Amino acid sequence: MVEWYLFLPQVRLSAADITARARVAEASGFDGIAFIDHLEAPGLPGESIWEAMTVASWVAAKTERLRIGHLVLCDAFRHPAVLAKQAVTLSDASEGRFDLGLGSGSWPAEFTRFDVGQLDPVARVTQLGRHLSLIKQYWGDGGDGDGAVQLPKRAHPIPLVLGGSGPRMMELVRNHADWWNLQANHIDRLPKLAPNAGDARVSVQQMIGFVRSGSDPQTVREVSTRRFGNLGAGLICGDADELIGYFAGLAAQRVERFYVWFADFAAPESLHEFGESVIKPFSGAVAGLR
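Going by the UniProt record's numbering, the final residue of the sequence shown carries number 290, and the count climbs one at a time with no gaps.
Calculated directly from the structure, the hints in this document are not laboratory data.
Don't take each hint at face value.
Computed cross-link-like contacts, DSSO-like style, restricted to lysine-lysine with a CA-CA straight-line distance of at most 30 Å [as the list claims (entries may be wrong)]:
id : residue 1 : residue 2
1  : Lys-153   : Lys-62
2  : Lys-280   : Lys-62
3  : Lys-85    : Lys-62
These figures come from a predicted structure and were not determined experimentally.
Please model the complete structure; the sequences and the hints are all you need to start from.
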């Protein structure tokens, strides 16, 4: 059984817009929602973007069933002791609905602009490895019992999602992750990279140009490609049947979670129709292909 998450960058949207989309996603059969983590909108420094943990907490309070997470939090932005405490707090407040997505940082320009983090990508991944061990220690999962443990301890599992594709990151995935996520602009590398994820479950981030009932397929493809054609294979356009076939192909490659990124910025009508025409019939359609 695959899981469906709405990937919703909190850029150009009000808090009310984000809440509304989260509630529609929940009502439409999505299992979770994931946000981004940046100090400025990547490539759009003049646009508004909300802080990642705060918006996740707000959406958790406004929903009942959706799991909440990120693709992914930037390790450099928070001390591991603070992040460990935030994760436990949000997990408990949401009754176990929080996933901790974490990465080493993907937008070095903001490191320079805001004087945070390290520019050397190797150093960032090395630091992430140390911080992952510390977070587990703070949760009481360190094993040797010699380090500081925070109270209260977590009452629910907090799945760890790691994003990235380099060899050093994949080693961290094998050693620490419950889930490994492949970002949209590397989706064509899935067959090569997935075997390196070890026991971690596989998820992918996928941009879609969803051709809704009554819409013009050519227009949807043109607009989606103009906006997000730079993602290459990370953008797929099609109607419900075409998307079911596409996602079934990914599921056959041991992908168990889809972070769906809508080229129309997750219009509520798209979320509702996607739930009815793709999510609900997907399991039956896949079973019929076997």
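To see whether the hints hold, each was checked on the structure:
no.	hint	verdict
1	Lys-153 x Lys-62	25 Å, holds
2	Lys-280 x Lys-62	23 Å, holds
3	Lys-85 x Lys-62	21 Å, holds
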